[in-house]
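In order, the protein sequence lines correspond to chains U and D.
Numbering follows the working numbering, in which position 311 of the first sequence is assigned residue number 311; successive positions increment by one, without gaps.
Numbering follows the working numbering, in which position 321 of the second sequence is assigned residue number 321; successive positions increment by one, without gaps.
To be clear, the hints were calculated from the coordinates, so they are not data collected in a lab.
Just so you know, these numbers come straight off a predicted model, no measurement behind them.
Any given hint might turn out to be false.
[To be verified] Residues from chain D that face chain U, not an exhaustive set, calculated with beta carbons under 8 Å: (1) A45; (2) G153; (3) P237; (4) G279; (5) S296.
[Claimed, not checked] Calculated from the model, a selection of chain U residues having no Cβ within reach of chain D, i.e. all distances over 10 Å: (6) R43; (7) H81; (8) E144.
Ideal Cβ positions, reconstructed from N, Cα and C, are used throughout, including at glycine.
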Amino acid sequence: MKRLVVLFLLLAASSLAAAEPRLTSDYEIEIARRQLESARTSREKIAPHLNLGDIRAARHETDAANGHYNAALRIADEMAHSARKRADLSSYADAVTYRAAALAKLGRPGDARAAFEEAIRYRSDDPSTWNLYASGMRVAGLPEKAEAAARNAVLLAEERKVTAKAVLDVAIYRYALAGAIYEQRRDDPEVGELLAAVVGTLDGPELAKVRERARDQEIFEIFTIVRSDEDALVSLLNRALLLLGRHHEARGETVAARSAWERVLRMREDDPAALAGLARLATSPQEISQRYLRSLEANPWSIPQLRQYEAFAESPDAPRPEGSSAGAAMQRAVWLLARAREAEASAEIDRIADAHGERPATIYLAARAAVAMGDGEKAEALIGRLEDLPEAALLRRAMAARSESRASSSEILSSLGSPVVDPSSDLLIGLARLVSESRSPAELAQIDALLFQGIVDLDEALSRDGSTTVFASGTIEGIPFRFSVPVAFRGDLSAGEHRLAFRLAGIAGATLLVEPLELMP
Amino acid sequence: MKRYLLFIAALLTPAALDAASVVVRAGDAIVHAVPGSIRVLAPGAAEPRSYPGLAYPGFGAAASAYALAAIFDPVEDRVAIVASEGTPRLVELRDAPTAAAFLGSTLFVVSRENGTLIRIGSDGTETSVRASGNPGFVSISNDTVFTYDPIHGVVERFDPLSLESSGTLVIDRFGSDFETDGRFGYLAIPGTGEVISFSLSTLDGRKTVQGGAVPVDVVVEKPSGTLSPGTLAIADPASRRVWRVEGEQSGGAAFARGFLRGLIGLGLYAPRSSELPAGVDRIETAAGGLLAFDSSSGDLYRITPRRSERIATGVDPSGYAWDGERAFYSSGGTLHSVSLGAEN
């Protein structure tokens, strides 16, 4: 029983799980529910409560998660008291360890640490107790303390590596240690060494029978709750390879990173984290977009993956995502948001929510759209529903920055005279955003009347016939811009620096929309 | 038993849901730390002085002769050094504190997580050295600092001024307590049910006795002399007993003999008492007896050779201290006191 909690906590607490949470399936909830229903003793009920709590927490269902953690805490307290009355100190130490794990998950790091310290008074020789200590400290956001506890778990487990189960335990503890170090020092070579050892163990002769059984039972699912050594082996191999890929990526070792993620995909071709990893390594915009699409199709509701895609979607080269799957629609909504096409993005998000139900990921995108449109009231209401996520603070910061920049742009606008010669990048972006967002006809008329002159760096011409040259895009003050349609300029002109007179038409993502008036000598 | 409600603690800060509190003595004053606040109750004062404190007070150390106490926050790695007079000084530690002891007004802290021994001088200067392994306990004896690493089973001796190591002893692992009495060191080993002694001066001479079923905590009631053995008390929650045993004495084997006497009932604390329903696992000497604590229930007991008596409930593991006459304890964030009376 304790081992199930141990591996689950290890997986749930990993930074990888936080960065790239997988879709916790209803099937897994069902497993934990059945585990809880069939539990007869108080002791047997603790693990499923902790497991269910973690699954709910992964789905951002905080109240439900805390309900399970509090239930686990209450049972652990009763168990501790009763064990002491029976003078059963082994059960007492177990109960205190469970108590500590529940406290860590309830966001009480001081009490959790005290409870773990109480447990190791009796169990300082037990690697699984140290491993739970490590998991608890990671959950509490204390990776350096987790690392120290994980080192003890590995040290003690290595001393007793005799059975296949013990060999698997060592691999689990090494993975936990690698995760704790990775959280602090992503490129630390020890992470790679530990994970290579984990993969080597899982591939090695000592676990041949477990691998064989996993193959015979056709186990391929990656679980957060593992019920057997076979489940544990498959899930741990998946996690270790994913983390190994991230570690190699952090060290700039792209070949090794790609190799780790490709091996994950050979085991499970729709693994979203591996697909996202490969997307980050891809070089052509089409391949990047395609990899992200596959990753989002595997898990459309992963906010961290949406955020990874956001960074790429800002690029002018990012192709418009097509397709009717939920993942494609979510990707398209992000792409539209990156181009300041908030109304279209909102419509897309509404369609997704109608078809699949509202999820934190759809609320997140809707909030992003509301922030971008300057609809503070709606944005605040949506952000309020994301309070448990780090994205809530991010969105609030974006909202504050947006209203600050808007206020200052409005103020600047009233002080500008036309033409504006050699405008700064901040001014151009601020005014372009005003064009996109302003609901004031007076402000729009003011911006419309403004003429700008500045040095632009034109991209290669689309065509030229000797008397005219057609340009579509370039940069000004380091900001990419494009014309709404390619424009033919008189003369046989070369790409590069020219002085351009123009009006501002708006902004799409990070690209200014410019209406050219004249190329000046 | 007359109890005095001293003052009502402020509500816990909303950000800190932790309930832990620490009570420690600083000379004649009592220091009570709850999340976010430190209160110092001077003798005779009706109200404590309050100061901003630590987010997660975890454990404390006292230097009563210097009217000093230290409260540690093992989550944020900070220590508040509190004098009975004046404002507490908050020190950020480079390493995570695990245990601490004063030598005079100098504080020695071990960090199991970082494998270091840290010295914090009275002027606040912090120096540290790498210890052998990962020390989880520190004890001061004869102006010398001793650390014990329960994972690797290593006792190490340090010079308090230079922090130079002057010897190590590889000994039993997985101890739950480490005490010294001036001549000998004692380790409680719950897994084997033994209490181990060794010589502090030579760092050898390991001896072992049966320490009950699961000895968890040891306290030196009377230090050993040249000719006479000291006395140890051992908390054994599995037997629901606190055993008393003669400690080590120079050149003799009285350690084992002393314990045997304990087992047959001579000098055994409260053998017929049933007032320790779940046993106790933390003990310290107080007013001719012991203060004993049951971590599972938060019950605090006073134990004398004649009787054992529960004096408080709902107490935190580091939430009690005594000043010679009264025991002070924190329950639900509120500091209480109870007279220990006089009994020998």
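Quick check for students: does the CB of E144 (chain U) sit more than 10 Å from each CB in chain D? Contrary to the label, E144 (chain U) does not stay out of reach of chain D, its closest Cβ about 7 Å off (not over 10 Å).
Should the interface hint for G153 (chain D) be scored as holding, given a Cβ-Cβ cut-off of 8 Å against chain U?
Hint on G153 (chain D): violated, closest Cβ of chain U at ~10 Å, above 8 Å.
Have a go at the G279 (chain D) hint: is there a Cβ in chain U nearer than 8 Å to its own Cβ? 7 Å, holds
R43 (chain U) and chain D, when compared Cβ to Cβ, separated by more than 10 Å: 15 Å, holds
Closer than 8 Å between Cβ atoms is the bar; does S296 (chain D) clear it against chain U? Give me holds or violated. 4 Å, holds
Does the CB of A45 (chain D) sit less than 8 Å away from some CB of chain U? Hint violated; A45 (chain D) Cβ to chain U Cβ min 28 Å, cut 8 Å.
| said: Given a cut of 8 Å on the nearest C-beta pair, is the interface hint for P237 (chain D) held or broken against chain U? | reply: 6 Å, holds
Take a quick look at H81 (chain U) and tell me if its Cβ sits farther than 10 Å from every Cβ on chain D, holds or violated.
Contrary to the label, H81 (chain U) does not stay out of reach of chain D, its closest Cβ about 5 Å off (not over 10 Å).
Figure legend: structure checked against the earlier numbered hints; hints not met, in rising order: 1, 2, 7, 8.
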